[in-house]
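Peer 1: Throw the hints in and build the complete structure from the sequences for me.
Number of protein chains: 2
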Amino acid sequence: MAGIDKYELLSDLAKRRGFFWPSFEIYGGISGYLDLGPLGAKLKRRVEDKWLNLFVYQHGYVAISTPVITAEKVFLASGHVSNFKDLMVTCTQCKRHFKADYAITQAMPARTDIAVEAMSASEIDDFIEKNHVRCPECGGALSKSEFFSTMFKTNIGPYSDAIGYGRPEAAQGIFIDFKRVFETTREKLPLGIGQIGTVMRNEISPRQGPIRLREFTIMEMEFFFDPEEATCPYLQRVDETLLPILLAKDREQGRSEVTQVTPREAVKKGLVLTEWGAYFMALSIQFVNSLGVPKEKQRFEEKMPKERSHYSTQTFDHQILLERWGWVEVAGHAYRTDFDLSAHIKVSGTDLSVFKPYENPISKKIRVVVPQESVLGPLLKAKSKTVVEGLKAASPDDIEKSFKDSGFFEVQGFKVLPAHVRFEERTEREAGRRVVPHVVEPSYGAERLVYSALEYAYTRSKDRVVLKLPMDLAPTQVMVFPLMAKDGLPEIATRVRETLAIQGLEVDYDESGTIGRRYARADEIGVPLSVTVDYKTKEDQTVTIRDRDTWRQVRSDWRQLPEKARQYLRHEREFSELGAAVDVPYEQQETAV
Amino acid sequence: MAGIDKYELLSDLAKRRGFFWPSFEIYGGISGYLDLGPLGAKLKRRVEDKWLNLFVYQHGYVAISTPVITAEKVFLASGHVSNFKDLMVTCTQCKRHFKADYAITQAMPARTDIAVEAMSASEIDDFIEKNHVRCPECGGALSKSEFFSTMFKTNIGPYSDAIGYGRPEAAQGIFIDFKRVFETTREKLPLGIGQIGTVMRNEISPRQGPIRLREFTIMEMEFFFDPEEATCPYLQRVDETLLPILLAKDREQGRSEVTQVTPREAVKKGLVLTEWGAYFMALSIQFVNSLGVPKEKQRFEEKMPKERSHYSTQTFDHQILLERWGWVEVAGHAYRTDFDLSAHIKVSGTDLSVFKPYENPISKKIRVVVPQESVLGPLLKAKSKTVVEGLKAASPDDIEKSFKDSGFFEVQGFKVLPAHVRFEERTEREAGRRVVPHVVEPSYGAERLVYSALEYAYTRSKDRVVLKLPMDLAPTQVMVFPLMAKDGLPEIATRVRETLAIQGLEVDYDESGTIGRRYARADEIGVPLSVTVDYKTKEDQTVTIRDRDTWRQVRSDWRQLPEKARQYLRHEREFSELGAAVDVPYEQQETAV
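Chain order of the listed sequences is A and B. Heads up, the first sequence is in this note's numbering, so the first residue is 1 and it goes up one at a time. Heads up, the second sequence is in this note's numbering, so the first residue is 1001 and it goes up one at a time.
Any given hint could be a false lead.
[Said to hold, decoys possible] Here are the simulated DSS-like cross-link-like pairs (lysine-lysine), alpha carbons at most 25 Å apart as the crow flies:
id	chain 1	residue 1	chain 2	residue 2
1	A	K153	B	K1095
2	B	K1153	B	K1073
3	B	K1356	A	K15
4	A	K486	B	K1188
5	B	K1015	A	K346
6	B	K1486	A	K188
7	A	K15	B	K1188
8	B	K1486	A	K356
9	A	K153	B	K1153
10	A	K73	B	K1015
11	B	K1050	A	K564
12	B	K1385	B	K1401
13	A	K15	B	K1346
14	A	K73	B	K1153
15	B	K1095	A	K73
16	B	K1564	A	K564
17	B	K1356	B	K1179
18	A	K85	A	K153
19	B	K1153	A	K85
20	A	K356	B	K1015
21	A	K153	B	K1085
22	A	K153	B	K1073
23	B	K1356	A	K486
24	B	K1015	A	K179
25	B	K1153	B	K1085
26	B	K1073	A	K95
27	A	K50	B	K1564
28	A	K50	B	K1050
29	B	K1153	A	K95
30	B	K1073	A	K15
31	A	K188	B	K1015
Don't read these hints as lab results, they were simulated from the structure. These figures come from a predicted structure and were not determined experimentally.
Peer 2: See below:
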């Protein structure tokens, strides 16, 4: 098996057994698209449910759903129309297009120190020229780099000016809905708003199978908090979860050692800018770990300023180590500040700030300007009203400064003199303040997580593949077999299957081939429990239950199975507690294979 | 409230409480797009899970997931590029575009007999001219009708010839994957392959709020069966479920009475062409009924030939009665035969047929042609091989006919004479046959079902809205209140909430306002159970539990709540069995409001 990596082994298994395969296969396929088969679709839904519970519902936060095709106005305001693009080079000979960084890294694979993502267009062009970078496919000369918008563009309805884009993130649907969602909840900050849904990124030429997709399911939470009350009460709950961070400053110096810190230390040392950000990073480690990826195979890579998205003040890529592709990003943790909300407030003219009442209203001394209307009225006649309003709207400080500088303050073409106004100090009661919340965002790609969970579950045991998926992820939780496909055993097994299914367990049935073959097939797709109906079942209703990981077997009344299996799958019961131990020598089981 | 219909009442409630609202609101909105708020998103996921279990998993079928943006080749082969379009008219004055049938029905709302969907372009143009149909907005003259493709079009990657469309149905992703999915399962027909996912239909100008969307979630199953073994073993299980069918032949005669038949009768009388189709229609009635829509508010409208999609041999729209829009389609049941598979086989060149082994291989007499190589060899030398192969590939009948007609049979320019071949009868063993499966398709729009469930749940009781959602749909299953927001009650209530949440229940917490107000708020969003922590809880751990529908209360130890609530929500336990009855006079409760 030398030379065959886990990606190849898994891809073969995934196709044969129904986890995933490239889309549009019968038409030659298009890179960047992936189909999830029966098992893959279930696995993905389990990953989604897990994320939703862990990040959103468990905290009392909420999740919404907004469209994929999004009005152009939204992405004009958010900055995506200007910023969501990649530098592309084209081969002057074969006319193929490449992402600029791909062309460069292909040409000089040894130069891991080149941060192409951080280069500008002209830097890329210079680099290509100086280093004689050629077409990775045919060796032809490359064009100058140009920007390619990586959003899918379309028209909404029959009007050519109604442009829509396939959203590259679910976040904008959340930002523009923030106020409405806030009002349907308890109207208190902090508030997390999650969304799971399809997003699209029109990659120039994706090449990494299930890892770089043009369409994938994002699991994203925009977490809104008051920057002046930014304490996270859960931070010490995650004290045990160290954050392994590859810091930007270390990366800049070519170092690749991670700094291990607790979330609290990370904030204290200024490595992570917000407590909430550090908390979600710790939760992220726990989440990915619960998918079967060991903590030591995870790290956070802090992005350098030029590598960050336009909306982010600090970004950490949550990466995990995969066999073929090395460190791969499965999540991004961005500190988006008030960038997006403020952009939408500005462009839409809608107030998306929230009112935060003080516990006790405070008194506040303020200076106001009082136009002397008895003087201005006779002077200005009909125009007096607009000038008075203009004065009231202006800041007293600005007016005074103007008096000092030029002797007057101009409103609507009229020169207001010091004699026209009076300054007063007043005491105002302030019941609260308006806040544009800041946002931290943990954001996951579901398909990458599905692939990663499969890669880490893939193990071999005595020349057989055992997919050791965490029990709560396994797409099929219980397999039911009749020992023989005759003598009424299939009928009983079918009843067992149906009973388990009605009780909400994910269960499947298999009657073909030897029992050993069927155990092997169940192991290969990671079924935690296999239940066999045999001749004894007809007498006393007992069945054998087999454990995927130890291949041990116990015997129990099948009518107790739904409850027992549920408890086992939730780790509330040990396998040995599922029934009376059965002494099945390994050999005996194997000869049946 | 005269003049305000349930749609308006519900839209208001939906916005205030977080079920749904129009998308892109802060940018003025775009019709045909809907956001689901925190409660709506949960409700939709519950509808999806219910459908998935009932139609797919309960039968042992499978579900997959394929991309939204789909390669043009797929929709060229399936006929969508040619057929998925609407007739559009444009106002010559205000330049607005309208779906032709909308313009006509707006102009003559009384003429319910006009089946505009069944009209051709020229029929529409004639009708508009004869009946002086004008622009519904400004009264201007209308253009001739033209086709508008209702698929969203985009480009995949930087190559302008790589066209992709937003899929208008999930079915094609299933068809092109059929063979692969078939191979990952037990390789037996029948096989249902389901898919839940986003689809897009670029409506010309959608006008029905949550009912006509440009983007929605489809829940679709393509059910593949052998047309020669088309018996549905479950048909008699649904004998009790009458199908109310508005037949095409009755519609053509202007009748609107439904024919009530059992699924078996429907097949026997030839009203429904397949047993599987009739079975899924019955299941459909049960499913929609379980969402809270009474059976008498449901019917099937058989589409007339011209109204059917290009791929369908028989179509029934499953309609339900809504207050504002009358009979609205929530599902389509189409008999797609082998149309789609055969189209993809033809265009892609991939064999999507399945091999069905006979139980006992049969012997079959066949005629073969045996080239006389001893004659042909010396005659043709090097060319002999190709001619021999050409003869073997040709049909013996064709060769004989050619001999009879012209005295020879031409292969590769060589005239084969009768003396060059011999005909033989041979007995061949046939182990099975290849089948291109036929397909019936039940297909649902999730958002319409969500809206319908809400409309039927919307009831008023003593001037209060009670959303009587079926218990298994309720987005929030349990509300937890501290009687007062002080004295340690919030802390206990929070613990109760967390315990219920960890046990997998959908639970929320509310401490603001009087207890009566909070009950009212819980009723308005359809929470089946409200739990109140009061001063007695501190002494004996008991809480009150209130029933949404009867407003009765019982008292029970909160630590037993997770199990009891789960059983109640699954209809395994009556409300009165949840605890000791509490005698709370309605008045007492109301004064607290």
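Peer 1: Hints first: check each against the structure and report whether it holds.
Peer 2: Results for each hint:
For the proposed pair K153 of chain A and K1095 of chain B, the alpha carbon gap of about 24 Å is at most 25 Å, so the pair holds. The hinted pair formed by K1153 of chain B and K1073 of chain B meets the criterion: a straight-line CA distance of about 13 Å does not exceed 25 Å. With a C-alpha separation of about 22 Å, the suggested pair K1356 of chain B and K15 of chain A falls inside the 25 Å cut-off, and the hint holds. Using a Cα cut-off of 25 Å, the hinted pair K486 of chain A and K1188 of chain B holds, with the two alpha carbons roughly 18 Å apart.
Using a Cα cut-off of 25 Å, the hinted pair K1015 of chain B and K346 of chain A holds, with the two alpha carbons roughly 24 Å apart. At most 25 Å may separate the alpha-carbon atoms for a hinted pair to count; K1486 of chain B and K188 of chain A meet this at roughly 18 Å. Distance restraint check for K15 of chain A and K1188 of chain B: the Cα-Cα separation of roughly 18 Å lies within the 25 Å cut-off, and the hinted pair is therefore satisfied. The hinted pair formed by K1486 of chain B and K356 of chain A meets the criterion: a straight-line CA distance of about 21 Å does not exceed 25 Å.
Of the supplied pair hints, the one linking K153 of chain A and K1153 of chain B holds, its CA atoms being roughly 8 Å apart against a limit of 25 Å. A threshold of 25 Å between alpha carbons decides the hint, and for K73 of chain A with K1015 of chain B the separation of about 22 Å falls inside it, so the pair holds. For a cut-off of 25 Å, the pair hint linking K1050 of chain B to K564 of chain A stands: about 24 Å separates their Cα positions. The suggested pairing of K1385 of chain B with K1401 of chain B holds, with an alpha-carbon distance near 23 Å, which does not exceed 25 Å.
A threshold of 25 Å between alpha carbons decides the hint, and for K15 of chain A with K1346 of chain B the separation of about 24 Å falls inside it, so the pair holds. Simply put, K73 of chain A and K1153 of chain B have alpha-carbon atoms about 19 Å apart, close enough for the 25 Å limit, and the pair holds. Among the hinted pairs, K1095 of chain B with K73 of chain A is consistent with the structure: their alpha-carbon atoms are about 22 Å apart, no more than 25 Å. Between the alpha carbons of K1564 of chain B and K564 of chain A the distance comes to roughly 18 Å, so the proposed pair stays at or under 25 Å and holds.
A distance of roughly 13 Å separates the Cα atoms of K1356 of chain B and K1179 of chain B; the hinted pair therefore holds under the 25 Å criterion. Using a Cα cut-off of 25 Å, the hinted pair K85 of chain A and K153 of chain A holds, with the two alpha carbons roughly 13 Å apart. As the CA atoms of K1153 of chain B and K85 of chain A are separated by approximately 20 Å, the hinted pair is consistent with the 25 Å bound. At roughly 22 Å between alpha-carbon atoms, K356 of chain A and K1015 of chain B fall within 25 Å of each other, so this suggested pair holds.
Using a Cα cut-off of 25 Å, the hinted pair K153 of chain A and K1085 of chain B holds, with the two alpha carbons roughly 20 Å apart. For the hint linking K153 of chain A to K1073 of chain B, the alpha-carbon distance of about 19 Å falls within 25 Å, and the restraint holds. Restraint check for K1356 of chain B and K486 of chain A: satisfied, since their Cα atoms lie roughly 21 Å apart, inside the 25 Å limit. For the proposed pair K1015 of chain B and K179 of chain A, the alpha carbon gap of about 11 Å is at most 25 Å, so the pair holds.
In summary, the hint linking K1153 of chain B to K1085 of chain B is supported, as the alpha carbons are separated by about 13 Å, within the 25 Å threshold. Among the hinted pairs, K1073 of chain B with K95 of chain A is consistent with the structure: their alpha-carbon atoms are about 22 Å apart, no more than 25 Å. Under the criterion of a C-alpha separation no larger than 25 Å, the hint pairing K50 of chain A with K1564 of chain B is consistent with the structure, at around 24 Å. For the proposed pair K50 of chain A and K1050 of chain B, the alpha carbon gap of about 19 Å is at most 25 Å, so the pair holds.
Restraint check for K1153 of chain B and K95 of chain A: satisfied, since their Cα atoms lie roughly 24 Å apart, inside the 25 Å limit. Taking the CA atoms of K1073 of chain B and K15 of chain A, the gap is about 22 Å. The hint holds against a cut of 25 Å. For the suggested pair K188 of chain A and K1015 of chain B, the alpha carbons sit about 18 Å apart, so the restraint of at most 25 Å is met.
In summary, this structure violates none of the numbered hints.
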